[in-house]
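A.B. asks: If you want the building blocks of each chain, they are given just below.
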Amino acid sequence: MEHKPSIFPARIGILFLLPALFFVAIFLIFPFIWVIIISFTNQTLTGATAANPQFVGLENYARLFDFSRWMRSGEFGASLLITVQFVLGSALIGQAGLGLLIAVLFYRRKGWARRIVTTLAVLAWIIPEVVVAFAWFAYLDRDSGTLNMILSALGLGKPDWLFDYPLLSIIIFNTWRGSAFSMLLFQSALETIPPSYIETADVAGASAWQKFRDILVPLLRGHIATDLILITLWTFNVFTPYLLTGGGPTNRTQLVSIYTYKTAFQFFRFGQGAAIAVVMMFINLTLALIYLSTLRRQRVDA
Amino acid sequence: MIDQRSPILRLLTLLLATVLGLFFALPMLWLITAPFNERATLSVSIPQPPSLANFEVVFNNQFAIRALFVNNLIIGGGVMVLIAIVATLASYALSRTRVPGSDLLVYILILFSSVVSGTAAMVPLFLLAYRLGLIDTHIGVILIMTGGLLPSAIFIMRDFVSSIPRSYEEAALVCGASPLRVFWDVALPLVRPGVVVVAIWAFVNAWGAFLVPLVLLRSPQNMPASIAFYSFYSEAGTPNLTLVSAYAFLYTVPVLLLYLLINWRFGFRFFGGIKR
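Just so you know, the protein sequences line up as chains A and B, in that order. For the first sequence, the numbering used here begins at 243 and goes up steadily by one. For the second sequence, the numbering used here begins at 52 and goes up steadily by one.
Treat the hints loosely; a few may be bogus.
[Stated by the list, open to error] Here are the simulated SDA-like pairs of lysine to any residue, each with C-alpha atoms no more than 25 Å apart in a straight line: (1) Lys-453/A with Leu-66/B; (2) Lys-400/A with Thr-92/B; (3) Lys-453/A with Leu-67/B; (4) Lys-400/A with Arg-90/B; (5) Lys-352/A with Leu-308/B.
Just so you know, the hints here were simulated from the structure itself, not pulled from any lab data.
Whenever a hint applies, use it, and build me the whole structure from the sequences.
C.D. replies: Below, the structure is given as structure tokens:
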């Protein structure tokens, strides 16, 4: 790292950092610690345990990992399994795959096709989540939705998407919603590759697939790792599918984020909700640490 | 550059681009056609003739209008101003004073904010707001959203601050200006594009937020547009399509305008970069 002299005296620097430190301490670090404490209590919103929650040890965790029932519909294990499928399908395969496809498809090309596809993907990403959720509700409607209009015109039948294939529906929905991030990340990464690499390969007569496999993928490896871990973290925590399905029908799209919400804010069992939150945060933390170690490995490689 | 590929490959590319375009465009069509249909349905049909009747219903709905034009502006504006100020100060300090390991610090911060996020973080944040008497207040929503968005905002802002040359500030210091004056008169005008981008980014995030207000707010007169919109389609059993279609349009238009503004002024790109 190059050595830059300090423009600011340190005390003013700290003064400038204070507001940010305040927010981080109160709204990030404190909740992280507090939620762990709550998870060992029977805190509720109303009643005797609201003002004076009791320490219950590992009871909340024991209930969460009660293996005699945890794979039943609506229980924690079932939610975790749905979430894993959701993350694999919509983040790792859907968003990263589609983002990479779009970025590579229009690599080194300007023009209207690239502009239109890129803009549409970005719009899907920035429109308020309640609005896109309802737009998809209309899109997937059995009788008058656009998707079934097209499918039945092609003679492919009219499935009731949100009832017959709810998990597949939210996977495709979330792919549609979030691909823009991966696309933008890969597009800006591709711009850093010197054109001469591709030109040399062209002269050598390399096929498109060879260029992709032997030039683009190795050079993008670090960006792909960054992308995969960030979108895994976000998708793991995403709440938007709740707006499309509410977790149903019969808990078939009840992601862990929705399970947490229902436990804490519909049944107001904060102790139990906190225990789920702690498990989620430790899964998140593991992913984040994997990310940090990948970053460091890249820095050593570079 | 001349496209050297074979016609078949170019045709395939065009075909794939069309499929991708349709994949993204089709679900959004309803948002454009339904608001202007006299009788909005769930299907996409070109309005004949276009009608503004749905909008009339929205503008006669006190709850909808207050949510969109009062509460959303308070929450969006509050988050925007706080984020712009706090993120600018912090990223300037991180860039211009020698804080050891500040790069790593920002990365850890942004990861930590991804770890403490979503419904998991809402459990302690709700109880925190409860103890502080911030339940059902806009200020509670603003503070909690600012806390959640701040690490990413600093991440984006740092790129802008690092990209401005230090020579102007150094010259001003040599001439005897105080550090605060250098920040205010020299550095701030230079990073203004960054402040604008971060402010708009924060505004758009707060504008669309659903989970934080859902958990923290109670009374109808405080609800932002996201909750109002959700209630129009979830509460009555069947969605009120008249209200939903036109309200979706009004609620989305500001986001589109801000996107166009960013695109036109700065070129929409990957702000904050993944440069390492």
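A.B. asks: All the hints need checking, so say for each whether the structure fits it.
C.D. replies: Structure-based check of all given hints:
Between Lys-453/A and Leu-66/B the CA atoms are separated by roughly 21 Å; this keeps the pair inside 25 Å, and the hint holds. A distance of roughly 18 Å separates the Cα atoms of Lys-400/A and Thr-92/B; the hinted pair therefore holds under the 25 Å criterion. This hinted pair checks out: Lys-453/A and Leu-67/B have alpha carbons roughly 19 Å apart, not beyond 25 Å. Between Lys-400/A and Arg-90/B the alpha-carbon distance is near 24 Å, which keeps this suggested pair within the 25 Å criterion.
For the hint pairing Lys-352/A with Leu-308/B, the CA-to-CA distance comes to about 24 Å; that is within 25 Å, so the pair holds.
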